[in-house]
Amino acid sequence: MNKRSRRKLLILAVVFGMTIATVLGLTAFEENLLYFYSPTQVKAGEAPDSHSFRVGGLVVAGSVKRSPDSLKVVFDVTDNAESMTIEYTGILPDLFREGQGIVAMGKLQDDGRFVAQEVLAKHDENYMPPEVADALEKGGHVNKQKAMEGSKP
Amino acid sequence: MFKAIWRWIQRFSSPKYFYEMSARLIPWFAVSALIIGVYGLYLGLFKAPPDYQQGESYRIIFIHVPAAWMSLFVYMVMAISAGIGIIWQIRLADMVAAASAPIGASFAFLALVTGSLWGKPMWGTYWVWDARLTSELILLFLYFGYMALQSAIEDQRSADRASGLLAIVGVVNIPIIHYSVEWWNTLHQGATVAKFDKPSMHIDMLIPLLLMALAFKLFYFAMVLVRTRNEALYRDRNRRWVRELITGL
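Note that the protein sequences, when read in sequence, are chains A and B.
The opening position of the first sequence corresponds to residue 15 in this note's numbering, with each subsequent residue numbered one higher.
The opening position of the second sequence corresponds to residue 9 in this note's numbering, with each subsequent residue numbered one higher.
The hints are simulated quantities; they were obtained by calculation from the structure and are not laboratory data.
Sample of chain B residues facing chain A (criterion: CB under 10 Å; computed from the structure):
id, residue
1, Asp59
2, Gln62
3, Ile69
4, Gly132
5, Ala156
6, Leu174
C-beta: ideal position from N, C-alpha, C; glycine also.
In isolation and in its complexed conformation, chain A is listed as follows:
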C-alpha cells in the first residue's frame, strides 16, 4: 500500500468514525434524553409497562421510609397533581431529601409498585448560602420545586 492510499484510508476512517459518533449520539438523544414521565402520566397509563422508563417528581415530605436492616427505601414522588410510590434498594445520592426533585429509572410491577434500579437527584440552577435560602423560604419564595420546572413529558 503506498503512502497516498494509506492517507486516503486514514481520512476515510476518521470520517467514518465521526459519522458513527454522531449517529450514536443522536440516537442516544432520541431514545435516552433522560426523558421522564410524571406521576400523572403514569397514572393515566401513558408509561410503558413492558420495559423500563424514568419517573420524575418531587419527593413527598414525610413519605420516606427506610428499612432498618437493609438499603431498601420506599418513598412517594409527586408532580403536585398525582403521586406514586417508588421502591429502591441502594445508595441514594447526597441531594436526595424530602421536597427534592428526583428522576428514578425502573419498571412498573403488576401490582402497581414502581421498582427503581437507579435514583438520580436533580438540582436547580440556583446557588446561594443556606441563610439566604432560609430567608427566601420564610418569605414564601419556595424555590425547591424549580428543579422540576419545565419538565415536559
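Given the coordinates of chain A, assemble chain B onto it according to the supplied hints.
Chain B alone, transformed into the frame defined by chain A:
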C-alpha cells in the same frame, strides 16, 4: 482604500511579524491569568459561602463552568479562524486554528471530568446520556477529529482545508450544547449565568466564578500565542525568516 486595508492585514498577519509581536504579549496574559486565577480560586474555595443544597461540593463549579465556557469559546475561535484561513488564505489564521484545537480539547475534557466527579455525589451517577452531557462529549470528539485530520494529511494546505471544514460544520453543535438544557428534559440543570437574566447565584459565589472565567480566558490567550508561535516556526521552517532567526543573522 480596500487595497490599503488588505495590505495592512497581510503585513500584520505575516507569521514573522506575529512571531515578534506575540513575544511581548505572552508574559502579560500569563501573569494576569496566574494572579486572577489564584485570587479567584482563593475567593471560591475559602471565601464563598457553602451552597444551601450542595454544601461544599458545589465549589468544583469554579473549575467546571469556566472550563465548559472555554471549550465553547475556543471552538468558535478555531472555527472562525479556520474559515478565515480557507476563504482569505491567511496562513496565520490556519495556524491559530491548529494551535487552538488541543487547548479546546483540554478544556472540554476538563469540563467533562469535573462534571462527572460532581455528578457522582450530587446526582448519584458519573454519567448520563442527557442532551447536555452528550453534546459536550460530541464537542470533544469534534476537537479530536480536527486534530486527527490535521496530522493525517501531510500536505499542510489540504490538511487545513479538510480540518477547517470539519471545524466549520461542527459549529452546529455549539447552540445545541448551549440550549440543550432548555430544549430537552435534561438531568443537568439550566443555565445559572445567562446573558439577559439576573444570574441565579449569590454575589459572593458569582464574583469568584467570573474571575475564574476571566483567568481561564487569559490563560487561553497566553497558550494560543505560545502554540501559534511554535506552529509558525514549524510551518515556516524552510523560509528565510525562520532560518535567519535560528542562525542569528
